[in-house]
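Dock chain to chain to rebuild the complex, using the hints, since each chain is given by itself in its own frame.
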Amino acid sequence: MAGDFNRVASCKATEWAKILRLDMRGLRIALFGLLLFLTIFILAAFSDIFAPYDPWNRFEPFLAPCREHILGTNDLGNDILSELIYGSRVSLIVGFGAALMATLIGTLIGLFAGYFRGLMDETLMGITDVFLMIPQIPLIIILAAFLRPSFWLVALIMGALWWTSTARVVRSKAMQIRETSFIECSRSLGFSHMHIIFSDILPNILHVIMPKFLLTIASAMISEASISFLGLGDPTMKSWGMMINFAFTRGGFINGYWWWYLPPGLCITLSVLSLVLMGFSLEEREEETMRIE
Amino acid sequence: MTFSGKKAIRYFLAIILIFSLNFAIPRAMPGDPLANLLGEDVMLTEESIAELRAKMGLDLPLHEQFLAYWRDIFSFDLGYSYHLHSPVSAIILSRMKWTLLLAIPSLILGAILGTFLGALAGWKSRDAGQKFETGLVLMIYCTPPYFLSLLFLYALSFKLGLFPLKGFYSTGSALDIAHHLMLPVIVMTLFSLSRNYMIMRGSVIQERGNLYAAYARAKGLYGEEILFRHIFKNAILPIITLLALDFGFILSGALFIEIVFSMNGMGNLIYDALLSRDYPVLQGSFLVITVMVVSANLLADLLYSRIDPRVRWQ
Numbered sequence: 001m002a003g004d005f006n007r008v009a010s011c012k013a014t015e016w017a018k019i020l021r022l023d024m025r026g027l028r029i030a031l032f033g034l035l036l037f038l039t040i041f042i043l044a045a046f047s048d049i050f051a052p053y054d055p056w057n058r059f060e061p062f063l064a065p066c067r068e069h070i071l072g073t074n075d076l077g078n079d080i081l082s083e084l085i086y087g088s089r090v091s092l093i094v095g096f097g098a099a100l101m102a103t104l105i106g107t108l109i110g111l112f113a114g115y116f117r118g119l120m121d122e123t124l125m126g127i128t129d130v131f132l133m134i135p136q137i138p139l140i141i142i143l144a145a146f147l148r149p150s151f152w153l154v155a156l157i158m159g160a161l162w163w164t165s166t167a168r169v170v171r172s173k174a175m176q177i178r179e180t181s182f183i184e185c186s187r188s189l190g191f192s193h194m195h196i197i198f199s200d201i202l203p204n205i206l207h208v209i210m211p212k213f214l215l216t217i218a219s220a221m222i223s224e225a226s227i228s229f230l231g232l233g234d235p236t237m238k239s240w241g242m243m244i245n246f247a248f249t250r251g252g253f254i255n256g257y258w259w260w261y262l263p264p265g266l267c268i269t270l271s272v273l274s275l276v277l278m279g280f281s282l283e284e285r286e287e288e289t290m291r292i293e
Numbered sequence: 294m295t296f297s298g299k300k301a302i303r304y305f306l307a308i309i310l311i312f313s314l315n316f317a318i319p320r321a322m323p324g325d326p327l328a329n330l331l332g333e334d335v336m337l338t339e340e341s342i343a344e345l346r347a348k349m350g351l352d353l354p355l356h357e358q359f360l361a362y363w364r365d366i367f368s369f370d371l372g373y374s375y376h377l378h379s380p381v382s383a384i385i386l387s388r389m390k391w392t393l394l395l396a397i398p399s400l401i402l403g404a405i406l407g408t409f410l411g412a413l414a415g416w417k418s419r420d421a422g423q424k425f426e427t428g429l430v431l432m433i434y435c436t437p438p439y440f441l442s443l444l445f446l447y448a449l450s451f452k453l454g455l456f457p458l459k460g461f462y463s464t465g466s467a468l469d470i471a472h473h474l475m476l477p478v479i480v481m482t483l484f485s486l487s488r489n490y491m492i493m494r495g496s497v498i499q500e501r502g503n504l505y506a507a508y509a510r511a512k513g514l515y516g517e518e519i520l521f522r523h524i525f526k527n528a529i530l531p532i533i534t535l536l537a538l539d540f541g542f543i544l545s546g547a548l549f550i551e552i553v554f555s556m557n558g559m560g561n562l563i564y565d566a567l568l569s570r571d572y573p574v575l576q577g578s579f580l581v582i583t584v585m586v587v588s589a590n591l592l593a594d595l596l597y598s599r600i601d602p603r604v605r606w607q
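Chains U and X, in that order, give the protein sequences. Note that the first sequence covers residues 1 to 293 in my numbering. Note that the second sequence covers residues 294 to 607 in my numbering.
Quick caveat, the hints were computed from the structure, so don't treat them as lab data. Among these hints, one or two may not hold up.
[Claimed, not checked] Below, in silico cross-link-like pairs of lysine-lysine (BS3-like), each with a Cα-Cα straight-line distance of 25 Å or less:
1. U:Lys-173 to X:Lys-299
2. X:Lys-417 to X:Lys-526
3. X:Lys-417 to X:Lys-512
4. X:Lys-512 to X:Lys-526
5. X:Lys-526 to X:Lys-424
6. X:Lys-300 to U:Lys-173
[To be verified] Just some of the chain X residues that point at chain U, by a computed CB distance under 10 Å:
7. Leu-443
8. Phe-540
9. Leu-568
Note that CB positions come from ideal geometry on N, CA and C, so glycine has one too.
Next comes chain X alone, as it looks inside the complex (with noise of 0.2 Å):
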C-alpha cells in the first residue's frame, strides 16, 4: 500500500468514527432518545411525541436507523433546532463565517510571528533579553484564552475605551467590523503565537547542534543568515503539521472568546445551545467542527509532501 494509501484510510476511518460517535451518544446516553435527540425543554403531546418518534425513526431497528443518519448526512441534513426553529445546517452555515472570520487571521499571524520570534528565540535560547521574552510567552502559553481575552476586555475596552466592549459590528460596515475583531483576533494571535514560539524554539535547538550547522559557520556564515537559510527550512517541518493539529484547537479557543467578547459566532451558539440543552445544534456544531479539523489535516499532509522530498519519496 503506498504512503498516501495508508493516510486516506486513516482518514476515512476518523470520519466514520466521529459520525458514529455523533449517531451512538445520543441514543446511548440516559434518557429518552427522542429528548436527547429534539432537546430538553421542548414542550409536547402525546400525540405529536407519537408522530416526531415515527418520523425520526426512532421506533425503527438501530442497523436501519444508521443507515438513515447516513443518508440525512449525505444530503445536508443535520437535523432541526426547535428552540431556534430552524435547520441546525443553516444555523451553523450562517454562524460559521463570522468564527472563521476571527479564526483565521489569527492563525496565519500566531504561525508566521510564532515561527519567526520562535526562531530566534531558539537561536539566542542564552540570551537574558530572549529568555525573558520566552519567559512571557510560557506565561501566555499557560493562561486559558478566555481569562487572557477578559484582561485584556478589561483593561483595554472597559477602563481605557479603545475597543468596543461586544460584538462583530456595530454599523456593519467594513471598517467597523475590523475595530470589533481587532482586539479577539489579538488574543488569538497571541494565544496561537505561544504555541508555536515553543515548539519552534525547540525546534531550532535542536537543529542547530547539527552538523550542517557547524559546516555553516565554518563557511563563514554569519549567525542570522545560518538560521534563516539553513536551520529555518529544516526547523519549521514540525510546524507544519502542528499548524493543521492546531485548527482544531484554534477553533475551539475561538469559541470561548467568542463567549467572552459576546460575538454570535459558533461559540456563542454552542453556548447558548448547552445552556437551553438543545442538543440538535451542540452535535450539527461538533460534526462540522470535526469535518473542518480532519480536511485542515488532509491539506497539511498534501502540503508537507510538496515541501518535504523525504516524504515524496517514501
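Bound conformation, chain U alone (with noise of 0.2 Å):
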C-alpha cells in the first residue's frame, strides 16, 4: 500500500516538476531580458561614470577605433562610445514617458468601457477605433516638422497615440471581470462605482497591463530612433537614431566607418529586444495559465 502511495506522490512530484519548468522556462527568457534591461538602465542612470569622456568635447575627427577611443571619433571629433552611453537616456526618457501616458489613458478608456458598456463602451470604442487609423509616424513627423524638436514633445505625442492597443484589452478583461462574483458582492455592498473600478477590477487586471507596457515603451523606442534618424531629434540631447543619421549623412557610411553606425543600431535592437522578450514570456506565461484554469 505504502508503495503505492508512493507512486502516486512520485507522480505528482513530476507533474509538479513539468508545471514548474514550464514556468521557469517563461521566466528565463523574460530574466534575460530583465538582465539586458537593466544593464542599459544602470548605463543611461550613471552615464558619467561610464563614459571615457564629455560626449560633447572635440578630439580629432574621423579616428579609428583605438586606446584612447574605444570606438573612434565622429565628424565632430567627439568620442563615439560617450555619445553612444550617453545617448541611451533620450531613448529610455522618451520610451518611458511615452509609454506612461499611453498605458495610463489605454487603463482608463478600457476600464470605463468595459466596466460601464452601453454607450460609454460605444463611445470610448469608436475614438479607439478612429485613433488606431491615424498613421502615427506621418503625423509625428508633421507635428515635430511644425514645432520645434525636443524629446519631451515626442515622448507626449506618442503617448497621446498609443493607448489604443492597451485600452481594447484592459476592456476585454474588465468585461470579464465584471461579471464574476466578487464584483457583485462589492455592487450589493453599495460600493461605488469608482471605488469597484479602481480597487476590485484594477489590480485583477495590473498583469495584462504590466506586458502591454513594456511592448509600448519598446515601440516607443524604435519610433524615437526613427524620428531621430530623419533629423526630427533634440539637438540638445545625444540620442542612438541621431548618431545613425550623423554617421548617414556626414560620410561614415559611404567610407565604411562601421564603429559609427553600427554601435547605435545594435544598442536600439538590443534595447527594444530586452523589451520585447519581457513582454512577450509575461504575455505567453498569462495564456498559458488561462488554460489550466
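Below, the structure written as C-alpha cells:
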C-alpha cells in the first residue's frame, strides 16, 4: 500500500516539476530580458561614470577605434563610445514617458468602456477605432516639423497616440471581471462605481497591463530612433537614431566607418529586444495559466 | 443601428478628424500661418505677402477658411509647393506609384511568408530549430527598418556588389527596375514578415489548445494536417485586421527604406520637404497616406465579414 502511495506522490512530484519547469522556461527568457534591460538602465543612469569623456568634447575627427577612443570619433571629433552611453538616456526617457502616458490613458478608457458598457463603451471604443487608423509616424513627423524638435514633445505625441491596443485589452478583461461574483458582492454592498473600478477590477488586470506597458516602451523607443534618424531629434541631446543619421548623412556610411553607425543600431535593437522578450514571455505565461484554469 | 452602419460612422469620423487636424495644425502652431502654409525660406515682398494672404483666405474668419479648405479637398487641391514649383497633388501622384511599387509586393510577400512560417513556428514551438528561427525573427522585429536596410545595403551592395546602390532605375527597363527594387523589397518583406510571424505564432499556440484541435487528433489526422486544415483558418483571422492596420506601418517603413536607398518615392519627398520645411508637401503627403490607410481598413473590414461568418450574423 505504502508503495502505491509513494508512486502516486512521485507521479505528482513529476507533474509539479513539469509545471514548474514550464514556468521557469518562460521566466528564463524574461529574466534574460530583464538583465539586458537593467544593464542599459544602469548605463543611462550613471552615464557620467561609465562614459570615458564628455560626449560634447572635441578630439581629432574621424579617428578609427584606438586605445584612447574605443569606438573612434565622429566628424566633429566627439568620442563615439561616450555618445553611445549618453544616448541611452533619450531612448529610455522617451520610451518610458510615452509608455506611461499611453498606458494610463489606455487603462482608464478600457476600464470605463468595459465596466459601464452600453453607450460609454460604444463611444470610447469608437474613439479607439478612430485613433487606431491615424498613421502615427507621419503624424509625428508633421507635428515635429512644425514645432521645434524636443524629446518631450515626441514622447507626448506618442503617448497621446499609442493607448489604443492597451485600451482594447483592458476593456475585454474588465468585461470579464465585472461579471464575476466578487464584483457583484461589492456592488450589492453598495460600493461606488469608482471604488469597484479602481480597487476591485484594476488590481486584477495589472498582470495584463504590465506586458502591454513593456511592449509600448519598446515601440516608443523604435519610433524615437526613427524620428531622430529623420533629423527631427532633440538637438540638445545625443540619441542613437541621431548618431546613425549623422553617420549616414556625413559620410560615415559611405566610407565604411562601421564603428560609427553599427553600435548605435545594435544598442537600439538590444534595448528593444530586452523589453519585447519580457513583454512576450509575460503575455505567453498569462495565456498558459488561462489554459490551466 | 447595424454593424456596418456603426463601422461606417467610425470611418467617416476618422476622416473628418484627421482632415480637421490637418487644417488646424498650421494655424495653431507658433509663427505666422502664412509661413506655416507656404513653407519657410520662401522669399516674398510685402505686397505679394498681402496678396497671397488674401488669395489663401487667411484674412477671412476661421469658419470660412474651414469651408474653403473642404472645398479645396473635394476638388483635389492640396495646395502649391513653392519649393518644387508645382501643385502638391501632382507631385504626390507621381511619387506615390513608386512607393506603392515597393510597399505592395512586400506587404503581400510578408503576409504569405509570415503567416506560414509563423503557423509552423507556433505548431512546433518547443522544437529547437523553430526556437532559433523565432529568435532570429524576433531580432528583425526589434530592429528599426532603416537600420536593417543600412546593414543589407552595406553587406550586399557595397561589399558584394550584388545590387545597385541607389534609386529605382538606371535604364528604365522592367528588368532594371526589378533589379533595383529587389533589395528594398527583401528588407521590407522581412520587416512585415516579422510582425505577421509573431502574431500568427501566438495565434496558433492559442488555437492548438482548443478542443477541436484535440478532436482532429483523436480522429487520426496527422500533425501538419490538423494545422493547415483546422487551426490555420481560425488562427489567420487576427492577421486580416492586422494587415490593414499594418498597411500604415508598412508605408511608414517604406518611407525610411526609401531614404536609405535614395529612391525617389514618398519617403524622400517627405524627407526633402522636412529639410526645406516645405509644409504644403508634408501636409498633403500626410493626408494622402491617411486616406490610403483608412481605405485599407475599410477593405479589410469588408473582407473580414465575408470570411468570418460569425461577423456577418452579428
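Taking the hints in turn, this is what the structure says about them:
Straight-line distance between C-alpha atoms of Lys-173 (chain U) and Lys-299 (chain X) comes to about 23 Å, which keeps the hinted pair within the 25 Å bound. A C-alpha spacing of about 17 Å is found between Lys-417 (chain X) and Lys-526 (chain X), which places the hinted pair at or below 25 Å, so the restraint holds. At roughly 20 Å between alpha-carbon atoms, Lys-417 (chain X) and Lys-512 (chain X) fall within 25 Å of each other, so this suggested pair holds. The suggested pairing of Lys-512 (chain X) with Lys-526 (chain X) holds, with an alpha-carbon distance near 18 Å, which does not exceed 25 Å.
Distance check on the hinted pair: Lys-526 (chain X) and Lys-424 (chain X) sit about 23 Å apart at the alpha-carbon level, within 25 Å; holds. A C-alpha spacing of about 23 Å is found between Lys-300 (chain X) and Lys-173 (chain U), which places the hinted pair at or below 25 Å, so the restraint holds. Against a cut-off of 10 Å between C-beta atoms, the interface hint on Leu-443 (chain X) holds, since the closest Cβ of chain U lies about 6 Å away. A hinted interface residue such as Phe-540 (chain X) counts as satisfied when its beta carbon comes closer than 10 Å to some beta carbon of chain U; here the least separation is about 9 Å, so the hint holds.
Of the supplied interface hints, the one on Leu-568 (chain X) holds, with its beta-carbon coming within about 7 Å of a beta-carbon of chain U, less than 10 Å.
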